[in-house]
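I would like the entire structure built from these sequences, with the hints used as guidance.
Here the protein sequences line up with chains R and H, keeping their order. Everything in the first sequence is counted per our numbering, starting at 1 for the first residue and increasing by one. Everything in the second sequence is counted per our numbering, starting at 395 for the first residue and increasing by one.
One should not assume that every hint holds.
Stated by the list, open to error - For the chain R half of the interface with chain H, some residues (derived, Cβ under 10 Å), not all of them:
id, residue
1, 170
2, 290
3, 293
Claimed, not checked - Quick list of in silico lysine to any residue cross-link-like pairs, SDA-like style, CA-CA up to 25 Å:
id, chain 1, residue 1, chain 2, residue 2
4, H, 469, H, 629
5, H, 469, R, 160
6, H, 469, R, 274
7, R, 98, H, 548
8, H, 469, R, 273
9, R, 98, H, 547
10, R, 153, H, 592
11, H, 469, R, 293
These aren't lab readings, by the way, just hints derived from the structure by calculation. Ideal placement from N, C-alpha and C gives every residue a C-beta, glycine not left out.
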Amino acid sequence: MENGRFGGYGGRYIPETLMSAVLELEAAYERWRADPEFTGELAALLADYAGRPSRLYFARKMTADLGGAKIYLKREDLNHTGSHKINNVLGQALLAKKMGKTRLIAETGAGQHGVATATAAALMDMDCEIFMGREDTERQALNVYRMELLGAKVHRVTSGTMTLKDAVNATMREWASRAADTHYVLGSVMGPHPFPLMVRDFQAVIGREIRAQLLAAEGRLPDVVVACVGGGSNAIGSFYEFIPEEQVALVGCEAAGLGVDHPQNAATIANGSVGVFHGMKSYFCQDAYGQIAPVYSISAGLDYPGIGPEHAALHDSGRAIYVPVTDAEAVEAFDYLSRMEGVIPAVESAHAVAWARQAAPALGREKIIVITLSGRGDKDVAAIARYRGVDLHE
Amino acid sequence: MNRITEAFHRRKALIPFITGGDPDMAVTEELIYALIDAGADLEEIGLPFSDPIAEGPVIQAADERALRAGCTADKLFTLVRRVRRRTNIPLLFMTYLNPVFTYGSRRFMENCADCGVDGLITPDMPWEERGELAADSAACGVTLISMLAPTSAGRVRQIAASAEGFLYCVSSLGVTGERQEIGRAAADIIARARTVTNLPCAIGFGISTPAQAGAMAALADGVIVGSAIVRLVAENGAASVAPVREFVRGLRAAIDAGSGTAGAGLETREGEIHV
Chain R
1 MENGRFGGYG
11 GRYIPETLMS
21 AVLELEAAYE
31 RWRADPEFTG
41 ELAALLADYA
51 GRPSRLYFAR
61 KMTADLGGAK
71 IYLKREDLNH
81 TGSHKINNVL
91 GQALLAKKMG
101 KTRLIAETGA
111 GQHGVATATA
121 AALMDMDCEI
131 FMGREDTERQ
141 ALNVYRMELL
151 GAKVHRVTSG
161 TMTLKDAVNA
171 TMREWASRAA
181 DTHYVLGSVM
191 GPHPFPLMVR
201 DFQAVIGREI
211 RAQLLAAEGR
221 LPDVVVACVG
231 GGSNAIGSFY
241 EFIPEEQVAL
251 VGCEAAGLGV
261 DHPQNAATIA
271 NGSVGVFHGM
281 KSYFCQDAYG
291 QIAPVYSISA
301 GLDYPGIGPE
311 HAALHDSGRA
321 IYVPVTDAEA
331 VEAFDYLSRM
341 EGVIPAVESA
351 HAVAWARQAA
361 PALGREKIIV
371 ITLSGRGDKD
381 VAAIARYRGV
391 DLHE
Chain H
395 MNRITEAFHR
405 RKALIPFITG
415 GDPDMAVTEE
425 LIYALIDAGA
435 DLEEIGLPFS
445 DPIAEGPVIQ
455 AADERALRAG
465 CTADKLFTLV
475 RRVRRRTNIP
485 LLFMTYLNPV
495 FTYGSRRFME
505 NCADCGVDGL
515 ITPDMPWEER
525 GELAADSAAC
535 GVTLISMLAP
545 TSAGRVRQIA
555 ASAEGFLYCV
565 SSLGVTGERQ
575 EIGRAAADII
585 ARARTVTNLP
595 CAIGFGISTP
605 AQAGAMAALA
615 DGVIVGSAIV
625 RLVAENGAAS
635 VAPVREFVRG
645 LRAAIDAGSG
655 TAGAGLETRE
665 GEIHV
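Encoded structure:
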């Protein structure tokens, strides 16, 4: 990889007003990424504060029910703050601290990344402001209040489609106007270099743990690793360790909303084309004139019109495959895992569960599928009830 | 010498910005003529983008209006082709990389050359990514405008080395209450640019009054005014031609009067920054 490129993807397509901040960040990351002081502090935070390593749980009932491949769940939902987002946030917040920054800003879709950022800011004594599309603040009202409890200020973004992409726009604008004391904690493997690389490095702990834990449990590597993909941080974190292991299939599940052929979806690989947006060259849902398309998914965390550049490269090379999963399939999987294993997954993660449900029976019993459960589903209970027409008051 | 360079030789250049297709194509055409009439030396026409990350709320809203009204690159090309029969004023498209990339950058540049668009400003294409368009723009004779920010100090030499037409100097890092700082930052970056290039330097702020335009003209070779004009269009819609003409005349007069000293009367309204 050179100059922030993954194949032809990635790069640094941002206004000149942001270049100095991004170059400063890149230099700081290169300075600290392998420094024992930094890696030691981060390892301690991940262990003592986030609760790592997260469990690799053998889903015995689900495996028996599906009657095919063995299913393991990588329990990122058990991390502090309830998702994989904390892995990246602790890394970036610690780096920001080393850089002398005193203020963190971040975008959030479902609110998980915003909550994680607000948490790290509280822990490290930093100011925190979160940008969230107004539509998402309504879908995820509890997470808004949670961020405020943690001391963060939440800005409701009312431009454009009022969802995740607009929250990213707003956070980039804020960073361009104030970078001297402020670090932008980008929440996924997207945006300008070095974010896709740095966020992947911070999330790669997921795949490293899967390897060690599965070797201990089964004495071998998995046959399939499957994760949901919006920007794609939990997926790349799960995949990265296994990219050189050609026998391990890597499957990313995109949000197909009401269906890949229905206008309301967010399946970037299935429906998108190559473009340049949010600082990176990658695949985007867009029209013939390059206007970014409004996208839709029941899951606010996957409701994004692009995908990280490393995923774009993995798709082109065929090393990973990307499959669309609809709202209906995800909700069914949400129910299924809740009742089958007593684990309520985030509706984002339920997209990966849905794929595994379909795939496992066709694979032999000697095969192993690892599903990354990127987050817990408590935040989605009200939305799922609404989806079913249940009038639930939080 | 091309039309862009020539425009800076006559006098301090006034460069107004309007969003193409806001409120509709017919009014945009009338506005282009009205701006010339009022004393513009170059014009920037925004090709609207769904997600203009370098724009403040005024131009964001204009882009949304224009897109809702059906503005596309092809419609703007058609408009410019017609306008070109009546005027020689340099016209610049300001847009984002994705509409150009998705259109096909070679085809986009060929259309620019064919219709009479002199140059292109894409704020999300820093020096490092200039290769994305540079070969196609050069082949078609379309000028790619480079930008400088107050934080560009260490990058001025490399940016200026590949720049053409003029340097678009941005000072958008200020927060409310730091007016003097902003003035100094802009003056500093222009002074630094002058040590490494002979290209004209135009400055774009949230310049919203004639007094500010006059002050900026004392500092730079050209003054870019965006949001203040676009706000008039937002407020007056189809009836915006007269008030825009009147406002731009005021800017012209203030620039020609050379009134104001560098740094005086500067005020960047928060969120009103047009990068």
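These are the hints, each one checked on the structure:
1. 170: Check passed: Cβ of residue 170 of chain R comes within 9 Å of chain H, closer than 10 Å.
2. 290: 3 Å, holds
3. 293: With a minimum Cβ separation of about 8 Å from chain H (threshold 10 Å), the hint on residue 293 of chain R holds.
4. H:469 / H:629: The given pair, whose Cα atoms are some 24 Å apart, holds under the 25 Å limit.
5. H:469 / R:160: 22 Å, holds
6. H:469 / R:274: 23 Å, holds
7. R:98 / H:548: 23 Å, holds
8. H:469 / R:273: 23 Å, holds
9. R:98 / H:547: 24 Å, holds
10. R:153 / H:592: Distance of about 46 Å is beyond 25 Å: violated.
11. H:469 / R:293: Between residue 469 of chain H and residue 293 of chain R the Cα gap is close to 20 Å, so the pair holds against 25 Å.
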